[in-house]
Structures are given as structure tokens and as C-alpha cells.
Amino acid sequence: MDLPLPLPSLPILLLLIALYTLYTLSRPFLLLLTHYRHASRIGLPIKLLPVPPGLFSFFAYQLLLRARLARPGSPLHKILNVGRPEGYAMHEEMGDVFLTVSPSGVSCVVADPEVVGQVSNNRERFPKPPNTGAIINLYGRNVINADADVWRFHRRVTGPVFSEKIHSAVWAEGARQAGLMFSSWSSSPSPSTTAANGNTTANGTEKDTILVRTLFDDTLKLGLHVITGSAYGCPLTWSGPGSAPPTTSSVGYTYAQSVEELNKHLMPLFLTPRWLLRLAPGGSGWGRAWKAYEALGGYLRGMLERERARRQWGDEEQEEGPRENLLSVLLDAEEGGDEKLERRMLPEEVLGNAFIFMFAGHETTANTTHYALLLLALHQDVQSQLLAEIDSLYTRAAGEGRPSLSYERDYPRAVWAVALMQETLRLYTPTSVVNKCAAGDQAVTFQGREYVLPAGTRVAVNITGVHSSPKVWGEDALSFRPGRWVVPASTGSGSASNSRSSTPAPAPAPAAKELLAEQYTVLKPPRGSWLPFSEGSRMCSGRKFATVEFVSVLAALLKEHRVEILPRTEGWGEERVRRVLAGRKAGALTLQVPERVPVRFVRRK
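If you count the sequence shown from 1, position 523 lands on 523 in full-length UniProt numbering, and the numbers rise without skipping.
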């Protein structure tokens with residue numbers, strides 16, 4: 001007969017609990033010590049972190065922010081965000097390349113363009129860290145969160161879409177949607193719409209001054225409509241019938257509402273399993289996140305079904321929109337229409353790519369347009385330079401008998417417009433940090449010395465640090481100065497900090513306007529110094545698409561008007577607008593500003 005094992009005595013049980021507790025509490029410190037020893041062999045400056053860097057600390061801060069337990073710029077924010085730096089301040093203390101050591105491991109934070117170039121242009125040596133793209137895998141695997149052979153397959157499918165044909169389409173659609181947006185403003189029964197001479201203009205007549213309180217929301221809608229019409233083959237009207245694509249969902253969100261709600265509830269979507277979101281009460285944040293997810297998915301599937309039907313029937317004349325678009329090439333890859341591809345694209349990959357190009361593409365361009373208009377309103381001297389260029393483009397087009405601007409003839413001459421976009425993206429970049437990791441022991445050269453990063457070391461490319469570095473952009477790196485991008489055509493590249501003076505040149509005389517494009521060109525920055533679209537093999541394939549859209553929209557909006565901020569007498573003024581723009585910097589999850597800024601468009605004489 002087996003005797004029962006004796007139970008441990010109470011003192012032994014308490015001792016075991018105490019030892020386990022001691023081990024649990026001391027483990028982070030032991031790991032920190034181990035990682036510090038490894039980091040000290042590398043030879044770069046070291047900063048100790050109490051919490052893991054990257055997404056853990058970023059999302060922890062976002063949760064605390066929503067629980068009103070932290071605020072941007074607070075000590076808690078600085079502690080949690082230290083592994084995800086914004087701006088150049090930390091590099092002033094630690095240098096352009098330094099290490100952070102936390103219980104989770106060693107990271108290398110980089111704001112030196114040469115090292116950035118070494119990392120960004122060697123995807124085999126410095127791939128994306130495993131699983132970092134999972135949070136944007138909302139509808140399926142896509143070109144952004146894929147890596148290695150999977151990424152190459154997705155890039156091979158989607159890359160050819162961004163051709164000159166679609167750039168011409170986005171130019172036309174950008175101008176069309178900008179015209180529709182402006183018409184909605186000018187026909188709006190807005191109170192306090194005052195003419196330039198101080199007299200109130202009656203509704204229904206042409207207004208010299210148009211007050212716009214919905215600039216942020218309208219530029220987002222414009223960006224969504226432009227990419228839907230030009231890249232998805234589904235042109236939309238501004239309002240009423242035809243303002244939304246077909247849908248397979250019964251959720252009562254409009255197209256724009258579904259995207260807006262998805263933007264508002266990214267955190268629940270990133271962090272909560274879909275089955276749990278589905279069970280959430282409809283009025284809660286999680287419930288609204290699920291409704292937005294379902295609604296936008298319905299619109300994406302509806303557009304895919306529309307494209308399938310168009311391909312099946314081949315009725316190109318009945319349907320508007322460019323015949324070769326993103327959806328058509330995705331469906332080609334799914335159906336095996338391209339024999340050069342090694343496999344077919346899975347249905348969830350088709351949906352995932354349809355989502356990510358629409359979501360990331362429209363928000364980046366729309367927000368850049370929004371910030372650029374606010375910056376132009378603050379900097380009237382810069383706006384005068386841009387308006388002179390726009391006037392010269394329209395004058396040339398009229399002289400050639402063209403009623404409107406064209407991509408082929410006018411986009412190459414838009415020097416100041418492109419400079420404006422690139423300066424806006426430098427100061428208000430879509431992504432603050434890009435993460436890579438060392439695949440094996442990898443050497444990088446910094447200031448003439450070689451440093452070996454051990455296998456698995458996380459490399460955080462601090463884009464905002466590079467963009468605000470006085471070593472790269474000069475002592476006025478934090479200043480808005482599009483003129484730094486405008487250089488004599490004979491040079492075209494060189495040091496960003498030495499390009500043109502900080503004082504904008506006077507607007508060219510009428511006789512000289514047509515020579516502007518021939519005299520000047522847009523600075524080509526040194527490798528690793530301008531990164532809103534990344535660079536190297538993983539550079540965003542939609543970079544030119546976004547630039548063409550931006551130029552087309554600005555040229556249409558400012559053809560006859562200039563944009564101004566509201567004065568202090570109406571509750572605004574320069575100081576308040578600058579505070580709003582600065583408020584976007586700390587703790588931002590998306591590009592959205594913390595407060596809506598109204599502007600007015602004033603007819604030019």
C-alpha cells in the first residue's frame with residue numbers, strides 16, 4: 001500500500017513563495033545587468049531604460065493617456081517614450097548613434113544619415129523585426145507588414161501600379177476633387193462669411209472670402225476620394241448619390257465615416273482579438289471599433305466585387321475610372337493572370353493590400369495638405385512664392401490653349417509646390433521611428449569607426465531626429481523654410497543645410513515667371529537625411545503618387561485665392577495656431593491635429 005506523500009510544511013511553503021517572488025522581482029534587474037554587459041562591448045554611448053522600448057512603452061502610454069493618467073510632455077510620458085524618441089533632444093545628450101539597454105534587450109537609436117543609409121539600404125542585413133507588422137494586419141497580410149520573400153512577392157504585384165498612367169489619373173482626380181471641395185465651401189450657407197471689403201455677401205453669390213471650419217475633415221475626405229477614384233477605379237462625387245463606393249456591409253456608416261471611426265479606434269483594433277470586439281456593446285469604444293472595421297471591410301469588398309464584374313463583362317465604357325488600377329492588378333494576382341508570379345495572391349492578401357494602400361495613402365497626403373495650408377496661412381511670404389509659381393503655370397497653359405493644367409506639361413515645373421510638400425513632411429513626418437533588427441552580427445560605420453551590433457539588436461531609425469538635426473538641416477532645422485529645397489538647376493543636390501538663404505526670395509516679376517522652373521529645381525537630399533517615405537528597397541512605392549496629388553490639389557485650391565488664418569479678434573491668431581501645430585508632436589498615434597483650426601480663403605486681385 002502506497003503511503004501519501006507528506007505535504008510541505010508551512011515554513012517550507014513560505015520559503016518557496018518568497019524565493020519565487022524574489023526571482024520574479026530580481027529577474028528584470030538581472031536581465032538589465034546582462035544586457036548592459038553585452039552592450040558595453042559595442043563601444044557606443046549607453047542609456048539605461050526602466051521599461052522595454054518600442055511598441056510596449058508606446059501602447060502603454062496610449063492606454064494611460066486614454067485613462068487620463070498621463071499627458072503629453074509629462075514625466076511619465078518621457079519615461080515611457082524614451083525608447084521611442086521624438087526629435088533631436090535625446091541625441092544632443094547622447095550623440096547621433098547610441099544604445100538603449102532595458103530588461104528586454106539592447107537597441108541602437110540612430111539619427112545619423114550615413115548610418116541610416118547603411119541600415120535602410122541593406123534589407124538582408126537589417127530586416128524588419130519579427131511580428132512588428134502584425135498590428136496593421138487588420139484585414140490581411142500586405143506589402144507593408146510582409147518581409148523577405150513574401151514582401152518581394154507583394155511588391156512585385158503592387159509596384160507596377162504606380163506608373164505614369166496612374167500619376168496622370170491622380171493629377172486629374174486631385175484637381176476634380178479639389179474643385180468639388182471648394183464648391184462645397186463656397187455654396188455652404190455659412191454664417192459670418194464676409195467679403196474682402198468688409199460687407200457680408202449674400203448666400204448664393206460669388207464670395208470674396210470663404211470661411212472654412214472643416215478643413216481637417218474635408219482634406220481627409222478629399223484624400224480618400226482621390227485615391228478611391230484614381231487608384232481603385234471608383235470615382236466619387238463630393239456628396240449625395242455617388243459619394244460612396246458599393247458595399248457588402250449593412251453597417252450604417254458612410255465611406256468617410258468608416259475611415260474616420262477606424263482612425264479614432266485604432267488602439268482597440270490593434271490590441272483586441274476580433275472575436276472579442278464582435279461581442280462588445282455597440283455604444284462602447286470597442287463596439288464602435290468593430291462597426292468601423294466591418295463597415296470599411298464592406299466598402300473594400302464592394303469595390304473588389306465591382307472590379308470583378310467590370311473585368312468579367314469588359315464594359316470599360318459603362319464604368320468610369322482608370323482601367324488599370326490597384327484592384328485590377330490585385331485580382332490578376334489572385335486569379336493567376338500573371339504567369340511571371342511564383343504563386344497566386346490569397347484572398348486575404350488582396351483585401352489586406354486594398355486596405356493598407358487606401359488607409360495609409362489617403363491619410364498621409366490628406367494630412368500633409370492640411371498642415372501645408374495651415375503653414376502657408378502662417379507664412380504669407382512663402383505663400384507668395386507658391387502663388388507666383390501657380391500663376392505662371394496657369395499663364396503658360398492659357399498661352400498654349402489649354403483650359404486646365406496637365407500632369408505631363410505642368411507637374412515637372414512645380415518646384416515650389418514640391419518644396420512645400422517636402423518641407424511639410426520634414427517637420428510633420430507620418431512616422432517618427434522605423435524599426436529594424438540585426439540579422440546576425442552586423443557592422444556599421446559611424447564617424448570613421450566600425451561598431452559591431454550583435455545578432456538580434458533592434459535598430460531604431462529616429463526619423464524625427466534626422467529631420468530636426470542641426471547637423472543635417474542647419475541651425476534653423478526646426479524652422480519652416482521651403483526655400484531650403486529650392487536650388488539652382490545646375491546643382492540639384494548637396495547639403496540641405498546650405499541650400500538657399502533663410503529669407504525667401506521676392507516673387508519673380510511676370511516676365512521671369514516662365515523661367516522659374518528652368519532656373520531652379522528641388523534639392524535632392526543626401527541619402528538618409530529625408531525619410532517620410534523611407535528609402536532603399538522598401539521605399540514607399542506611392543511617393544510620387546502622393547506628390548502629384550499634393551501639387552494638383554494645391555494648384556486647384558489656390559488658383560484664384562490665398563489662405564489666411566483667422567485673426568485674434570475671432571479667437572485665433574498666429575500664436576494659437578502655432579500651439580495647435582506643436583501639440584501634435586507629443587504622444588501622437590496618428591497625424592491628426594489635437595484641435596480643428598478654421599481658415600479663410602480670400603480671393604486674389
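To be clear, the hints were calculated from the coordinates, so they are not data collected in a lab. Some clues are possibly wrong.
[Said to hold, decoys possible] Taking lysine-lysine pairs in the DSBU-like style, the calculated list, with each CA pair at most 30 angstroms apart, reads: (1) LYS605 x LYS340; (2) LYS524 x LYS544; (3) LYS165 x LYS524; (4) LYS128 x LYS524; (5) LYS605 x LYS128; (6) LYS47 x LYS165.
Here the structure is a predicted model, which is why all the values come from computation and not from measurement.
Under the constraints set out in the numbered hints, which ones does this structure not fulfil? 1, 5, 6
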